[in-house]
Amino acid sequence: MADAAVEVTGLVKRYGRGSAARTALAGLDLTVYRGEVFGYLGPNGAGKTTTIRLLLDLIRPTAGSVRVLGDSPRHAASTRARIGYLAGDFVVSGGQTSRELLTYLGRLRGGVPAARIAALAERLDLDLSRRIGTLSKGNRQKVGIVQAFMHTPDLLVLDEPTSGLDPFLQQRFVELVQEARDNGQTVFMSSHVLSEVQATCERVGIIREGRLETVAKVEELREQAQRRIEITFADVVPAAEFESVAGLHGVTVGPHPGGGSALRAVLSGSPDELVKTAARYRVTGLLAEEPDLEELFFTFYEREGRS
Amino acid sequence: MTVLLKHLRDNRRAFGGWAVAITAVATMYAAFWPVFGHNADLGRAMEAFPQSMKEAFHLTDYSTASGYFGSTVFGLLVPILVAVFAISAGVRAIAGDENAGTLDLVLAHPVTRTRLALARYAATVLAIVAVGVLTLVVMLAIRIPADFAELSPGDLTAVCVMLTLFGVCFASIGFGLGAYTGRRTIALGGAAYLAVATYLCSSFLPQIKGLGWVRWCSPFAWYLDGDPLTHGVNWVYAGLLAAVSLYFAALGVWQFRRRDLTS
Chain D
1 MADAAVEVTG
11 LVKRYGRGSA
21 ARTALAGLDL
31 TVYRGEVFGY
41 LGPNGAGKTT
51 TIRLLLDLIR
61 PTAGSVRVLG
71 DSPRHAASTR
81 ARIGYLAGDF
91 VVSGGQTSRE
101 LLTYLGRLRG
111 GVPAARIAAL
121 AERLDLDLSR
131 RIGTLSKGNR
141 QKVGIVQAFM
151 HTPDLLVLDE
161 PTSGLDPFLQ
171 QRFVELVQEA
181 RDNGQTVFMS
191 SHVLSEVQAT
201 CERVGIIREG
211 RLETVAKVEE
221 LREQAQRRIE
231 ITFADVVPAA
241 EFESVAGLHG
251 VTVGPHPGGG
261 SALRAVLSGS
271 PDELVKTAAR
281 YRVTGLLAEE
291 PDLEELFFTF
301 YEREGRS
Chain E
1 MTVLLKHLRD
11 NRRAFGGWAV
21 AITAVATMYA
31 AFWPVFGHNA
41 DLGRAMEAFP
51 QSMKEAFHLT
61 DYSTASGYFG
71 STVFGLLVPI
81 LVAVFAISAG
91 VRAIAGDENA
101 GTLDLVLAHP
111 VTRTRLALAR
121 YAATVLAIVA
131 VGVLTLVVML
141 AIRIPADFAE
151 LSPGDLTAVC
161 VMLTLFGVCF
171 ASIGFGLGAY
181 TGRRTIALGG
191 AAYLAVATYL
201 CSSFLPQIKG
211 LGWVRWCSPF
221 AWYLDGDPLT
231 HGVNWVYAGL
241 LAAVSLYFAA
251 LGVWQFRRRD
261 LTS
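If you're matching them up, the sequences are chains D and E in order. In case it helps, full-length UniProt numbering puts the first sequence at residues 1 to 307. In case it helps, full-length UniProt numbering puts the second sequence at residues 1 to 263.
Worth flagging that the hints you see were computed from the coordinates, not collected in a lab. Treat the numbers as computed from the prediction; the structure is a model and nothing was measured. Any given hint could be a false lead.
Claimed, not checked - Which chain D residues stay away from chain E? Per the calculated CB distances, all over 10 Å, these:
id	residue
1	A77
2	A81
3	D89
4	G184
5	A216
Said to hold, decoys possible - To give a feel for the contact side, a few chain D residues facing chain E, derived at Cβ under 7 Å:
id	residue
6	L56
7	I59
8	A87
9	V92
10	V266
11	S268
12	L286
The beta carbon of each residue, even a glycine, is placed where N, CA and C say it ideally should be.
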């Protein structure tokens, strides 16, 4: 298909031989269209990184076919000039400065203007003149992000891109992805962080045990999301009133150490009705946990299984 | 070219350090020549050693400059140091980087496996050549002050050429094993094992009756058996060193193109 940036059919990857063989991918089918931001989700060990390394020809498929930007990764090294890749464990030797590394990588791609590198580094608050060995994990990850984005590639392949970044930088990263999307670039990213997936992706694929379990729109995923909620009140509130709120389960009301009471529950779907109900009382604290993606996958699988 | 220069630049400290250390050892040995060359007692003491021991330790003749330099400066410590350096540089070229996890990034760029492997191999060979050239330059510089002018620049060049080829041979073994397996420990272990085994083949094992032929299988023997300090470069031995180098390098590159990168 002409408008597919990534097209994977019947992809099988086994590591090792004989009795020690381990199947990482067991017949994966996946299509990512040009210009979309595609989230690639799944538990650890599901085969996300294996898929990504296959797209870049770092490893070779046992069976099945892969096409990236219209070419087979194995036979078109030049295609990789149009790909930006950020590994899940981005490691580079520490003896060089970020500027040296980025200039070198840019040269391998046929040259990236120094001004472009400087502009990206400034946005991420990265000091290019420091040796990479002296940088913190978060700062090294910034180097990884700069090298993936700096040549404005047609396709970005990002493996857990925001690991090690603080929330401020996660936000900067989300902006970079949104700009790439507005620019017509395709983004394929694996992630564990639901908020960044929600902020950037249109579609997500969920992989489990080496197979694509389902592809869904991000909104569908959000509706399924379960958040742990804790609201503290100045006074004691009746649990029964909250039990009738739509989407709220497992309501408990107990005494709060600081006085008053604390309501704990699990919320799925819209928080609107809960907020309105709580507003009838004096609220002293509100905590909504980020939904756990792993948990989310399993509720999603169950629902898919039933329907 | 970009990949080659980058590899040299990334390893400039290690490569430079080894080059200086090896040259310093060679210079130190050479500086002792006036002591040995003018000491007849020492010569007689050496003659008393059994022939097989003299052969095992390259202690053939300390009374001439070519004998002394062939046994000490270029005979023992320098080739061993060169072999150690060459193996570590060869293994580092692919397997070292691969196990450190830093190879993925470069190969995710528009760089083919072949291009990367050949550029890294060329950089490694250049580092070995630099060691040979530096040693030669220092030997030529101290030839007259250290009183071994009887060794002509041509003789010294010949031995340094053989030393360089010998280094390239072990670098290629380390490189080839590393590129083939992608495992640093296997490559280091395998190349070190070969170095020790072939050293024994050139020194102790031939002393055993009926095992004289094993000398023919050793890069250590190919390096000095032609006696380059008096007879110049021996093209048969030079060819053998080059052939083994090419064999290991080619085998490594061939498998490196086909296999998965280790993660």
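So, going through the hints one by one against the coordinates:
1. Under the 10 Å C-beta cut-off, the non-interface status given to D:A77 relative to chain E is violated; the minimum distance is some 5 Å.
2. The non-interface label for D:A81 is inconsistent with chain E: the shortest C-beta to C-beta separation is roughly 4 Å, within 10 Å.
3. Not every CB of chain E is more than 10 Å from the CB of D:D89 (nearest about 6 Å), against its label as outside the interface.
4. The beta carbon of D:G184 is kept farther than 10 Å from every beta carbon of chain E, the shortest such distance being approximately 21 Å.
5. Taking the minimum C-beta to C-beta distance to chain E, about 29 Å, the non-interface status of D:A216 holds against the 10 Å cut.
6. For the restraint placing D:L56 at the interface with chain E, the shortest Cβ-Cβ distance is roughly 5 Å, inside the 7 Å limit, so the hint holds.
7. The interface hint given for D:I59 holds, since its Cβ lies 4 Å from the closest Cβ of chain E, which is under the 7 Å cut-off.
8. Of the supplied interface hints, the one on D:A87 holds, with its beta-carbon coming within about 6 Å of a beta-carbon of chain E, less than 7 Å.
9. Checking D:V92 against chain E by beta carbon gives a least distance of about 6 Å; that is within 7 Å, so the hint holds.
10. Checking D:V266 against chain E by beta carbon gives a least distance of about 37 Å; that is not within 7 Å, so the hint is violated.
11. The closest approach between the C-beta of D:S268 and any C-beta of chain E is roughly 37 Å, which is over the 7 Å cut-off, so the hint fails.
12. Annotation: interface hint on D:L286 violated; nearest CB of chain E at approximately 43 Å, more than 7 Å.
In terms of the numbered hints stated before, the structure departs from hints 1, 2, 3, 10, 11 and 12, listed from lowest to highest.
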